[in-house]
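*Asks:* If you want the building blocks of each chain, they are given just below.
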Amino acid sequence: MRATHLFACAGALALAACATGPSGAGPAKSAAAAPAKGPGPGKGYAHDPYPSTYRPYPGVPTLVTNVTIFDGEGGRIDSGEALFADGKIVAVGPHVEAPAGVTRIDGTGKYLTPGIVDIHSHLGDYPSPGIAALSDGNEATAPTTPDVWAEHSVWPQDPGFGRALMNGGVTTLQILPGSANLMGGRSVVVKNVYARTAQAMKFPGAPYGLKMACGENPKRVYGSKGREPSTRMGNIAVDRQTWAKAVEYKRKWDKYERDGGEPPARDIGMDTLAGVLAGEILVQNHCYRADEMANVLDMAHEFGYHVSAFHHAVEAYKIADYLKRENVCAAVWADWYGFKMESYDGIPENLAILQQAGACAMIHSDDQNGIQRLNQEVAKALAAGRRAGIAIPDAVAWEWLSYNPARALGIADRTGSLKPGKMADLVLWNGHPFSVYTRPDKVWVDGALLYDSADPKRRPVSDFELGQPGAGDVK
Amino acid sequence: MKALLLGLAGLIATAPAVAETIAITGGTVAIGDGSAPIPDGIVLVRDGRILAAGAGVAIPPEARRIDARGKWVSPGLVAGLTNIGLSDAEGIEESNDVSARGAPFHAAIDIAPAVNPDAAILGNERLGGITRAVLTPDAAGSIFAGQGAVIGLGAGAPPVLKARAFQYVEFGEEGAQLAGGSRPAAFAVLHDALAEAEEYRRNPTAFGGRERDSLVKRGDAEALLPVLDGRQPLLVHVERASDIRAVLALTTRYPRLRLVLVGATEGWRVAPEIAAAHVPVIAAALADLPERFERLSATESNVGRLRQAGVTVALSSVDASAPAPMQRNLKQFAGNLVAIGKLPGATGLSWGEALATITARPAEILGLGGEIGSLRPGRRADIVLWDGDPLELASAPVALFIDGRPQPMRSRQTELRDRYLTPQEGALPKAYQW
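These protein sequence lines are chains P and G, in that order.
Here UniProt numbering is used: the first residue of the first sequence is 1, the next is one more, and so on.
Here UniProt numbering is used: the first residue of the second sequence is 1, the next is one more, and so on.
With the rest of the complex left out, here is chain G (with noise of 0.2 Å):
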């Protein structure tokens, strides 16, 4: 354990300040983007971003030289939607800003603000490769939840990266409750809010929605602009086939609409719909019980099968139903698609288009590709050193980089492992210990 350490703390040490240049070398280097992994390639890192990843890649004389052989190298993984750093425990009522039952806004709702960066499980999560995260809040009280954000989870940095990143809307059965009982109503509500926000837009002054019993505030109004223009996207939770047609749809009405479908379990039922209206998917990569009605059809070959189609798909913790604060096993999912390929009847993935399914396929998504969730040239440095295929499950960082920063690579689960590695008290309580 303690040469374990000292060897961490040696690969820490040798590594880069943001304004310098540095070479990791050696290593199998995923790209992320859905390309296949390379041999013993070079990851090129200037200014805390990516100048170049691959095999052959120059070495300039000034860089400074990481070895990472017999390890793994690839892209921070960009957990897909959950609301990490929202709260410090989900069920610890006091300290979660996921949703707001009781809030008269609903569309307007911003969490960036309620970023905690930190939050122990954001530093825990890290350790498991995770460098950004997307967080959504939870829809209550109404079908709009509000608008999410993309953030970093450096030590020490300002967490958010992109705020107002998109709005989260849900529909199928969860929407029907929260609009008062059915499907119908969902979509009333929908173009109802749309509406409003046209009215807004025409003329700001008369519009009222300060009023108490106003269906649509004055600020959900003015936050649904950018969602009507396309310049903010639409998440809309759905799962049903049908369900899925009927939201696809929507894009005759607001042609600007950049529709993501978030859930889609019985997507590969109308998959070359989703993929001929050029609409994403964030998935669940393993639901495969009929666990509502509106899922019958569920399987573990849905990704497979949409990506088959077309479709570009990302992989979430939605549907799944470990706790939100393991986004960590998203690479676990990630590897189950791979196995899947083996099994007669079943669709997996490739092992690169896997990986891409938790690097740059959700970053895609989001609009950002450009900027995070792979190794090509000019986005961040954000950067895994693995001590194996990440996809395994026995897998871990042994190195993490964000923006270029060498990460810390100790949290509060490696402190208490650490204090009860020996469960039996010493010569002072366990307090003493730390």
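Chain P extracted, bound-state conformation (with noise of 0.2 Å):
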């Protein structure tokens, strides 16, 4: 009767189906696809051999006037103006010189903020329908398949997509394998746009994550089969295995790509280990409780990687001051607690400690229905912060939903924050976005108005969706 979040979007079902899968659009495979020769540093393999063929959509040079804006740095201005053209932000302030022509949106009564940032889904790789055939989150067939890249699953006419534009304001997303395993797979970020492709899809230049799992998922799914990991000291000692064989792999690739010679065997999911290892790949951790985010610190200590993120961190709170000092960012949900036992302590108090410890703090869905209401979670999480004497400004919390997340991605310098020569990633809102009674009036990604309540046509129907019953409706 109702979905059980035992692990999370988790249909585990393993279903053989032989997917024949379109052929894409054929784009162009940029340069560094092809495999450059070793020696020489990052030239040993292919390191982007599905690069992003994602392209913005045009948009017109557009002024918001009158408007209160959250500028997603922390920053507010009240009654200010902004002004984004050819996909870029040019200009946030309280007055902005706007060329002749531009279309100008009279913001009285509304918000603009910046387009919202879902670190955890996996929309596309769990989608809508939620059936056997569209399984594609969790490879649960082996403790760690660092091998499996997330967008090899996502399909791109998840109807999920259009539902976090629309009602949710999301504009960029990390699409991630699910917590079975110990280690997931690679994760992919993509721009909330429709596409025939999910390479289409995949925001230009965003960092792989790996996705890693502690806890009970991957204990339960394994020790279930009657094999390593079936409890938590399992789960280091596979994590640990694993990490000393991503050491050695890597130390074999330096060699090679230092001195030449015979290359070492490829070894996909090394490849990805590797890639963390270097540092070009950003581990994102689900991890529920306090002493195990610190057992997996000490891990990173020893192997020599960053964990950039905690994810379902409901213990957070307590260790906020741990997670600032090791520099480590907590996603978290507003107030999901009470489903299993590692999540027996969550309070929604929990991002309003993080930001009063200083530590980099933010919101995420792991839901499809979750992911069209993260301005609504933020609002919750602030009045519990607020009546615990915890006092955080508005624009403060927006941070919470666009730069933090954007950091933890690896491209805050692209988008997250109002900033000129960024993405025109932005979301008008009909009243203050903190209040349940406001929704999206319009969403532009990189400039482009993909979504207006008022226009029926601006409102994205996927192939599922057409020509089935309510298609095009307003959802």
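Among these hints, one or two may not hold up.
Derived DSSO-like pairs: lysine-lysine, alpha-carbon spacing no greater than 27 Å straight-line [what the hints assert, rightly or not]: (1) Lys110/P to Lys342/G; (2) Lys324/P to Lys419/P; (3) Lys342/G to Lys324/P; (4) Lys88/P to Lys110/P.
Distance windows between CB atoms, simulated [said to hold, decoys possible]: (5) Gly389/P to Gly181/G: 50 to 60 Å; (6) Gly93/P to Gly388/G: 26 to 36 Å; (7) Thr231/P to Thr205/G: 51 to 61 Å; (8) Ala391/P to Ser182/G: 50 to 60 Å; (9) Gly388/G to Ala46/P: 49 to 59 Å; (10) Val57/G to Ser79/P: 38 to 48 Å; (11) Asp298/P to Gly345/G: 49 to 59 Å; (12) Ala471/P to Glu20/G: 30 to 40 Å; (13) Ser242/G to Ala391/P: 51 to 61 Å; (14) Gly345/G to Arg55/P: 27 to 37 Å.
Reference excerpt, derived from the structure (chain G facing chain P, CB under 10 Å, subset only) [unchecked claim]: (15) Ala241; (16) Thr252; (17) Arg253; (18) Leu257; (19) Asp288; (20) Arg328; (21) Leu343; (22) Gly345; (23) Pro423; (24) Gln424.
If you're looking for bench data, these hints aren't it; they were derived computationally from the structure.
Ideal Cβ placement from N, Cα and C applies to all residues, glycine included.
Bring the two chains, given one by one in their own frames, into a single complex with the hints.
*Replies:* See below:
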């Protein structure tokens, strides 16, 4: 009757389907895709064999006036103006010089913010409808599968992308493999724009992530198969074994790139782990409990990698000081708790306590419904914090929605705040975005107006929905 | 923080014992029955029941006054179908009494004895304004899940307000799977079970139902009699428009069934038929994705359109993907239904109607509208004082009463919060801070 969250979105169904995928649009391969010959640093093998073919859609130079602006980096401008053109933010301030002929939008009574960045989504990999044939999020066949890439499961027609855009104002999201495995595979960061291929959704130049998982999911999934890991100590043991191999693998490739000779054998999973050790792939670690996060950080020090963010960090508030010291972000829900033992200690003040301690905090959804209301989730967390005596301004809380997730994804130089030169990813809200009574009015991605609440034609209908009951409804 | 706590303690100190008259004055009063909120209203309570609520209520001289100026006063929220209190956490199998896949019984299952009023989650959710909850077992091994209960969340009070409040059945995709693989099989199971119940009624002593291979156990047949007679509502989980029609048609064969549809994501497409059948709906507010083939036309306008057609609708976290404990977020769902009223093409609810979907309507649907769910005279004094509009995201209770009894404003979550407001350890480990 209802979805369970024992591990999020995890109908770990392994049906043997004969996937005959679309051939795609046949995008031209970028130069980076062609294997360069060693020796030479970074030249051992292709690092980007499935490159982004995303192209921004056209927009018109636009000036929003008389609007309250949260710039995404803690700044707030009342009755301000924002100009964007050619897909980029041009200027934001109390008054902005705009060329003649720009499209002017009166933002009276409305709020303008950066588009929301969800660092934890399974859209496309666990799409709607959630049927066995489309259950592509957990390669739950071995405790570590760093060889799988989420982008190779992404179904670009998932109706969830459109809902996240229209109802949620989400313009960028990271799609992760699920949490059945200690090392679930590579994530992919996408712009929230429908495309015919996953490559055409990929955020240009965004680093890859490695999804890792702690705790109850891996031990349950593999323990029930009668194999290691069946305990938390087994989790760390298998991780360490795997990292030890990765260090060795990287040493061989480094030597080859330095000295030449015969290239070592490729191992697709080890490529990913070597990428983490080299700092080019960011670790996104599912981990609920404070004590387990500390174990992971010790492991990261042991093998020389950095954890970019702990996800589902329900107990992050207990070690907010430690996370700050380690420069590790925490991606959390506002109030999800109590659905399994490792979520039993969840409290709604988690984000506020992290913020108070100076740690890098952010909201995330892990959910096709929650992603439509991340602004509301932050509103609840903010209010809980204020009731506990932690005063955080609204505009600062917006960092939890865009700038901090962009930082933890390594793309904060391009999106996540309304600074000149950055992507024109924006949401115009029809009221205060922390009110339950507010909805997105317009959403732009790279300056292209991709949702307009007043225009039924600026409302995406995925292939799957076309011709089905309810297609094109307001949703 | 300290000042806030002291303020709340003050409020509780002035709160009533059960056997007395109190007047909550000056607040914005929301009755919960669908009407608009009343500024500067009065709620009068006597002996644990509502005496009067609204504007211009005369305050008897003996009444103890509680000043609610600047606050909102509403009935306690009645959480729709949920299983809080039936486990310590859904994923802790050892503690979970929500379903029983290996049990020989199905319709006979009665969850009332399993409710644990001390479950930490009940205390946490109470602080979100939840005073009553409609608990259901989940189906496992049969389309019949068993009999649910309506409970109170009052601290130290017996939890069960009404046991065996309804029978719960799965149809649609899930029912088909439980019945062996098809929708028609699910209907066959239902018809057979009801026929067996009639058989049991005609001659209980001759009825078997104790054999290992009997399809309908004796206890199950007995449990279905009140369903057949309409003394116990039959809650049916069903989503697809065509499935809803098939379920509504059951009343031609069993005219006394008191059907309630649960889910009904595609209800808006057959709303006039549901209204004509006088069948109420317990729906998800915001299910707007085709998460299953039986929910292809999902839209957040479903509840509004059902309401516009004249259907009685309550909200539930059924079909919402938030975890089961999150009943406090029902008010967020209700608030969103107000919000979509502003969107071109969408159908929402008025504020009063939205509040009613989580107060009076669930109570009415379960036949308890005379007892709980609103501040109308005679109802149990389940009252929440909020620091703002109860549907707003930032609002929270500042005081709670259940049956007129003031409730603690602390929970396991507030204990954790206070321990870790400063995460660093002090002179002693955190374990000494309590």
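*Asks:* Compare the structure with each hint and give your call.
*Replies:* Verification of the supplied hints:
1. Lys110/P to Lys342/G: holds (13 Å)
2. Lys324/P to Lys419/P: holds (25 Å)
3. Lys342/G to Lys324/P: Violated, at about 42 Å.
4. Lys88/P to Lys110/P: holds (21 Å)
5. Gly389/P to Gly181/G: 50 to 60 Å: holds (56 Å)
6. Gly93/P to Gly388/G: 26 to 36 Å: Taking Cβ atoms as reference, Gly93/P and Gly388/G lie about 32 Å apart, which means the hint holds.
7. Thr231/P to Thr205/G: 51 to 61 Å: holds (55 Å)
8. Ala391/P to Ser182/G: 50 to 60 Å: Holds - the Cβ-Cβ distance for Ala391/P and Ser182/G, about 58 Å, lies within 50 to 60 Å.
9. Gly388/G to Ala46/P: 49 to 59 Å: Once the Cβ atoms are compared, 56 Å apart, the range 49 to 59 Å for Ala46/P and Gly388/G holds.
10. Val57/G to Ser79/P: 38 to 48 Å: holds (43 Å)
11. Asp298/P to Gly345/G: 49 to 59 Å: Taking Cβ atoms as reference, Asp298/P and Gly345/G lie about 54 Å apart, which means the hint holds.
12. Ala471/P to Glu20/G: 30 to 40 Å: violated (59 Å)
13. Ser242/G to Ala391/P: 51 to 61 Å: holds (54 Å)
14. Gly345/G to Arg55/P: 27 to 37 Å: Given a distance of about 30 Å, which is inside 27 to 37 Å, the answer is holds.
15. Ala241: holds (7 Å)
16. Thr252: The hint is violated - Thr252/G has no Cβ within 10 Å of chain P, the shortest such distance being about 25 Å.
17. Arg253: Since chain P brings no Cβ nearer than about 25 Å to Arg253/G, farther than 10 Å, the hint is violated.
18. Leu257: violated (20 Å)
19. Asp288: Constraint on Asp288/G satisfied, holds at 5 Å.
20. Arg328: holds (8 Å)
21. Leu343: holds (6 Å)
22. Gly345: Since the shortest Cβ distance to chain P is 4 Å, the answer is holds.
23. Pro423: With a minimum Cβ separation of about 5 Å from chain P (threshold 10 Å), the hint on Pro423/G holds.
24. Gln424: holds (6 Å)
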